[in-house]
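Chain order of the listed sequences is V and S. Going by my numbering, the first residue of the first sequence is number 1, and it counts up by one from there. Going by my numbering, the first residue of the second sequence is number 310, and it counts up by one from there.
Because the hints were derived from the structure by calculation, they are not lab data. Heads up, a few of these hints could be off.
Pair by pair, the computed Cβ-Cβ distance ranges are [what the hints assert, rightly or not]:
1. V:I5 / S:E576: 26 to 32 angstroms
2. V:K6 / S:H744: 19 to 25 angstroms
3. V:K74 / S:Q699: 57 to 63 angstroms
The C-beta atom is built at its ideal place from N, Cα and C for all residues, glycine as well.
Okay, here's what each chain looks like letter by letter:
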Amino acid sequence: MVTIIKKLAVIAVCFLIIDQAAGLFLDLCRDQSPDGRYYKTKHSLETSDEDVVIIGSSRGEMNYNPFVIEDSLKVTAWNASRGGQGLPYFHAIQNGILNRYVPKIVILNIEGSMLEHRRFLAEAGFLRPFYQGHPEIQPILNEISYFEKFYNRLRLFSYNSSYYYLLRPYLIKGLDGRREDKGWKPRDGRIHEIFLRDTTEIVKDTEPLNEGAVAEFEHIAKTFKEKGSRLFIVVSPNYQIYEDNTPTINYLRNFAKSNQIPLLIHSNDTTMIRNPDFFIDPDHLNRQGSTYFTKKLIGEIRPLLTASL
Amino acid sequence: MLFNSIDFAIFLPIVFVLYWFVTNRNLKLQNAFLILVSYIFYGWWDWRFLSLIAFSSVVDFLVGLKMSDLEDPVKRKRLLWVSLIINLGFLGFFKYFNFFTESFAEAFSFFGSEINARTLNIVLPVGISFYTFQTLSYTIDIYRKNIEPTRDALAFFAFVSFFPQLVAGPIERAAHLLPQFYYLKKFSYDEVSYGLKKMLWGLFMKVAVADRLAIYVETIYGHSDLHTGISFAVATIFFAVQIYCDFAGYSLIAIGCAQMFGFDLMENFRRPYFSATFKEFWSRWHISLSTWFRDYVYIPLGGNRVSKARNYLNLFVTFTISGLWHGANWTFVAWGALHGAFQCVEKGFLDGLRIKVPHVLKVALIFLFTCVAWVFFRAVNIGQAMYILQTIFTRPGSSLYFGDKGMFAFSILGMGILFANDYVQEYRPKFRLLHNPYPAVRFATIVFLLVYIVGLGVFDGSQFIYFQF
Chain V
1 MVTIIKKLAV IAVCFLIIDQ AAGLFLDLCR DQSPDGRYYK TKHSLETSDE DVVIIGSSRG
61 EMNYNPFVIE DSLKVTAWNA SRGGQGLPYF HAIQNGILNR YVPKIVILNI EGSMLEHRRF
121 LAEAGFLRPF YQGHPEIQPI LNEISYFEKF YNRLRLFSYN SSYYYLLRPY LIKGLDGRRE
181 DKGWKPRDGR IHEIFLRDTT EIVKDTEPLN EGAVAEFEHI AKTFKEKGSR LFIVVSPNYQ
241 IYEDNTPTIN YLRNFAKSNQ IPLLIHSNDT TMIRNPDFFI DPDHLNRQGS TYFTKKLIGE
301 IRPLLTASL
Chain S
310 MLFNSIDFAI FLPIVFVLYW FVTNRNLKLQ NAFLILVSYI FYGWWDWRFL SLIAFSSVVD
370 FLVGLKMSDL EDPVKRKRLL WVSLIINLGF LGFFKYFNFF TESFAEAFSF FGSEINARTL
430 NIVLPVGISF YTFQTLSYTI DIYRKNIEPT RDALAFFAFV SFFPQLVAGP IERAAHLLPQ
490 FYYLKKFSYD EVSYGLKKML WGLFMKVAVA DRLAIYVETI YGHSDLHTGI SFAVATIFFA
550 VQIYCDFAGY SLIAIGCAQM FGFDLMENFR RPYFSATFKE FWSRWHISLS TWFRDYVYIP
610 LGGNRVSKAR NYLNLFVTFT ISGLWHGANW TFVAWGALHG AFQCVEKGFL DGLRIKVPHV
670 LKVALIFLFT CVAWVFFRAV NIGQAMYILQ TIFTRPGSSL YFGDKGMFAF SILGMGILFA
730 NDYVQEYRPK FRLLHNPYPA VRFATIVFLL VYIVGLGVFD GSQFIYFQF
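Using the sequences and the hints, build the whole thing.
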């Protein structure tokens with residue numbers, strides 16, 4: 001028994017040494033990343049100081065052109081959205097930003113049925129490489145599991161499965177979002193013909209709201225407002241999907257009204273949702289669509305800003 | 310409790326220390342302790358179903374004892390029926406009630422009559438198919454006078470509920486496992502060391518290969534209307550490896566875990582995808598189940614000591630039933646029937662052919678046909694399976710969907726390591742890494758596997774596929 005315990009101890013020590021050494025290397029890769037998702041997240045959490053911040057999932061990442069915002073409003077803008085993420089990620093990014101400064105304007109992209117589904121908590125595990133250096137995001141990641149705080153002591157666990165996207169920007173630049181695009185991921189091209197349709201689907205969800213998602217959304221929205229940011233909640237368009245009467249949108253209307261937060265719904269904008277030239281796939285706008293949509297949005301935001309001054 | 314959960318990572322060392330330090334001087338204490346921890350292990354999932362295991366154990370223990378006192382074959386048979394009805398009754402109710410009710414109603418509606426199928430909201434007890442078959446084999450073997458019944462209730466209860474193999478096998482025979490509960494276990498460094506290595510490799514197969522592949526497979530099969538034939542073909546190959554790693558990984562963890570407590574469980578998988586015939590495949594895949602069906606279904610049906618036509622029918626029926634054992638869905642039945650048909654064709658036509666086919670080509674062909682059958686196993690219904698096969702063979706398309714390219718790359722990497730290991734074990738055993746004669750190689754392999762598992766494993770607490778069976 002003593003022999004086996006000794007051998008297991010030796011293996012454990014060796015493993016921990018390798019783990020910490022690998023962690024140093026991976027931290028370096030993360031911190032020096034020339035572009036891509038880790039550069040973007042690091043900037044969002046640590047160095048962003050832009051006047052306007054856009055937060056959302058992949059729709060947020062592709063649909064909002066920060067250059068249009070900068071030119072129109074004469075401000076600086078940063079798109080902090082991240083594909084495949086949900087409210088826990090938005091919350092973590094909010095904590096990282098508000099920990100350092102208060103943006104003047106925040107555009108929060110909410111999807112038409114986002115508050116009816118799960119919270120996408122597991123997906124926020126994407127932020128694990130930043131766990132150790134960012135106490136402000138730890139409470140959110142700790143919700144993934146009770147043992148998260150112990151797991152993340154292992155550097156290899158924090159970087160689990162991240163290596164491809166962590167190392168690729170060193171070999172091929174610009175594939176995962178270019179630094180000069182300010183967090184925006186513009187896509188050129190047009191929606192594939194297999195997705196083309198003549199009819200518009202009117203979404204009539206009846207699913208109940210997810211209490212956890214609603215609570216997290218309310219926390220994010222109210223915190224931005226309390227801190228002094230001008231918050232705009234936006235529902236962006238999808239191709240041939242008309243969303244105007246979902247439980248999420250109905251809830252957003254009530255919430256926006258009672259908290260005096262502007263709500264800009266574009267998922268019912270038939271000039272956009274019926275135009276395939278604006279889309280790269282059914283859920284995301286292409287460069288042209290994104291630029292058009294952002295201009296239209298700024299056209300709505302500008303008078304609201306002026307009115308409040 | 311799942312082997313790949315943090316709960317088990319805490320449970321196992323505690324049980325291990327108590328077993329070897331507290332209960333190591335008394336056999337009855339050792340067996341009682343194993344029953345206790347096995348019930349905790351099972352009850353962690355749902356304590357209510359402990360009553361099923363306990364009831365099955367009591368019934369089979371008493372039936373076994375009573376049967377040994379009787380010489381009258383009619384009375385012995387009656388007792389056997391008691392055991393069969395109770396055990397298969399539980400299995401039939403919990404696993405197949407809704408399936409048969411719905412199928413019955415569908416059959417009526419096919420002929421123009423509508424009947425209302427009343428299904429029940431039944432939770433399937435984890436591992437019921439495994440422990441039911443294990444206890445059944447005990448009673449049948451006593452009936453056949455192959456074994457003597459045990460009079461040691463503690464040993465028998467420990468045999469039925471032994472936690473390493475309780476929920477997903479290997480399905481042990483009483484003749485092999487039960488006697489191991491009759492003597493006090495002595496700690497052996499070699500046994501524990503071998504056991505830990507098996508567990509490590511099993512964990513690698515599960516979290517670093519199977520669960521990684523599952524992400525891609527789910528993406529493709531979960532959205533079958535969006536993908537090309539090439540993507541389906543790749544997803545099917547991935548699924549073939551996924552299910553192998555999922556189940557063989559579980560079996561290895563179970564075998565390794567049992568070995569740490571001084572028990573020897575039977576080998577359940579022996580690199581099945583290196584098989585050159587279907588017969589060989591089934592002597593390497595889920596060995597404990599295929600031998601169970603051979604001994605308790607195929608041979609009682611007449612086996613191969615009957616006419617050729619009847620022999621083929623026996624093969625086909627045995628594999629079809631084996632398919633149904635895997636799940637209450639026609640897809641599993643189709644999967645089993647396909648394998649039955651493959652075996653019949655192989656036995657009836659191919660065995661007699663005198664064409665020289667290179668071994669590697671035979672292995673590739675067997676793998677290919679196995680993959681065709683896996684489509685049925687993975688699909689949600691027969692319609693989807695047919696659509697996927699049709700798409701693969703008639704509309705391959707030109708683009709492969711990679712999904713997340715990082716995940717795809719790690720899937721390939723994991724399969725590469727798995728293939729290299731299996732190849733070495735099969736053809737170059739002296740180069741085996743985990744059991745290499747050089748301690749430095751063994752040590753480096755262990756550390757590498759740990760690093761790989763932590764760095765590239767999937768830790769979403771996913772279940773083992775075979776738990777549902």
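Quick rundown of the hints versus the structure:
1. V:I5 / S:E576: 26 to 32 angstroms: 28 angstroms Cβ-Cβ, so the 26 to 32 angstroms window holds.
2. V:K6 / S:H744: 19 to 25 angstroms: At roughly 20 angstroms between Cβ atoms, S:H744 and V:K6 fall inside 19 to 25 angstroms, so the hint holds.
3. V:K74 / S:Q699: 57 to 63 angstroms: holds, 58 angstroms
When each numbered hint is compared with the structure, no violation occurs for any of them.
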